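Engineer: Sequence:
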Amino acid sequence: MVLALANSESNHQLVVCADKQMLAERAKHLGIDVELIDYDADANPLPHTKGTLVVDHIPMAAPAVIGELNEANGHYVLKTLERAAQGCLSDEFGAIVTGPVHKG
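Per our numbering, the very first residue in the sequence shown carries number 10; after that it's consecutive.
Calculated from the structure, these hints are not laboratory results. Since this is a predicted model, take the numbers as computed values, not measurements. Just so it is clear, CB atoms sit at the ideal spot from N, CA and C, and this is done for glycine as well. Be aware that a few hints might be false.
Claimed, not checked - Dumping the calculated SDA-like pairs for lysine to any residue here, alpha-carbon to alpha-carbon at most 25 Å:
{"id": "1", "residue 1": "K88", "residue 2": "A36"}
{"id": "2", "residue 1": "K88", "residue 2": "P72"}
{"id": "3", "residue 1": "K37", "residue 2": "A71"}
{"id": "4", "residue 1": "K29", "residue 2": "L90"}
{"id": "5", "residue 1": "K88", "residue 2": "P68"}
{"id": "6", "residue 1": "K29", "residue 2": "Q95"}
{"id": "7", "residue 1": "K29", "residue 2": "V86"}
{"id": "8", "residue 1": "K59", "residue 2": "I105"}
{"id": "9", "residue 1": "K29", "residue 2": "A94"}
{"id": "10", "residue 1": "K59", "residue 2": "V106"}
{"id": "11", "residue 1": "K37", "residue 2": "N79"}
{"id": "12", "residue 1": "K29", "residue 2": "L78"}
{"id": "13", "residue 1": "K29", "residue 2": "G40"}
{"id": "14", "residue 1": "K88", "residue 2": "Q30"}
{"id": "15", "residue 1": "K29", "residue 2": "K59"}
{"id": "16", "residue 1": "K88", "residue 2": "L12"}
{"id": "17", "residue 1": "K29", "residue 2": "P56"}
{"id": "18", "residue 1": "K88", "residue 2": "A13"}
{"id": "19", "residue 1": "K29", "residue 2": "D42"}
To be verified - With beta-carbon atoms standing in for the labels, derived distance ranges:
{"id": "20", "residue 1": "A52", "residue 2": "L78", "range": "33 to 43 Å"}
{"id": "21", "residue 1": "H21", "residue 2": "L78", "range": "30 to 40 Å"}
{"id": "22", "residue 1": "I46", "residue 2": "M10", "range": "10 to 20 Å"}
{"id": "23", "residue 1": "D47", "residue 2": "G108", "range": "19 to 29 Å"}
{"id": "24", "residue 1": "A81", "residue 2": "E18", "range": "33 to 43 Å"}
{"id": "25", "residue 1": "E77", "residue 2": "N53", "range": "35 to 45 Å"}
{"id": "26", "residue 1": "E77", "residue 2": "D100", "range": "34 to 44 Å"}
{"id": "27", "residue 1": "T58", "residue 2": "K37", "range": "14 to 24 Å"}
{"id": "28", "residue 1": "A33", "residue 2": "V106", "range": "15 to 25 Å"}
{"id": "29", "residue 1": "I75", "residue 2": "L98", "range": "25 to 35 Å"}
{"id": "30", "residue 1": "A52", "residue 2": "L98", "range": "17 to 27 Å"}
{"id": "31", "residue 1": "D100", "residue 2": "E80", "range": "28 to 38 Å"}
Take these sequences, add in the hints, and give me the full structure.
Structural biologist: Okay, structure coming up:
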């Protein structure tokens, strides 16, 4: 879902808190051409540019397999949510948007 943002434009910087390698693999699998840019908290925010995603890399514990739940990545999911929440609490980020979170 988040990879679809790469094809949009926005006046705001969009920061994806996720595993960069996983995003690259999904983009390749889906045939989405996207440039993944490392997030720099010290840089001035720039408007989102079509064809790119700014990624605050949070590594997964284990490789993700499409359609398979991996309990080893449960803490990864929590880390992404915690990072986004802390970013909002510190005024680094202005909002959080999440995709579906598997609770099984």
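Engineer: If a hint holds in the structure, say so; if it does not, say that too.
Structural biologist: Going through the hints against the structure:
no. : hint                   : in the structure
1   : K88 - A36              : holds (22 Å)
2   : K88 - P72              : holds (16 Å)
3   : K37 - A71              : holds (19 Å)
4   : K29 - L90              : holds (16 Å)
5   : K88 - P68              : holds (9 Å)
6   : K29 - Q95              : holds (20 Å)
7   : K29 - V86              : holds (14 Å)
8   : K59 - I105             : holds (20 Å)
9   : K29 - A94              : holds (19 Å)
10  : K59 - V106             : holds (19 Å)
11  : K37 - N79              : holds (21 Å)
12  : K29 - L78              : holds (19 Å)
13  : K29 - G40              : holds (16 Å)
14  : K88 - Q30              : holds (16 Å)
15  : K29 - K59              : holds (18 Å)
16  : K88 - L12              : holds (20 Å)
17  : K29 - P56              : holds (20 Å)
18  : K88 - A13              : holds (22 Å)
19  : K29 - D42              : holds (14 Å)
20  : A52 - L78: 33 to 43 Å  : holds (36 Å)
21  : H21 - L78: 30 to 40 Å  : holds (32 Å)
22  : I46 - M10: 10 to 20 Å  : holds (19 Å)
23  : D47 - G108: 19 to 29 Å : holds (21 Å)
24  : A81 - E18: 33 to 43 Å  : holds (36 Å)
25  : E77 - N53: 35 to 45 Å  : holds (40 Å)
26  : E77 - D100: 34 to 44 Å : holds (37 Å)
27  : T58 - K37: 14 to 24 Å  : holds (20 Å)
28  : A33 - V106: 15 to 25 Å : holds (21 Å)
29  : I75 - L98: 25 to 35 Å  : holds (33 Å)
30  : A52 - L98: 17 to 27 Å  : holds (20 Å)
31  : D100 - E80: 28 to 38 Å : holds (34 Å)
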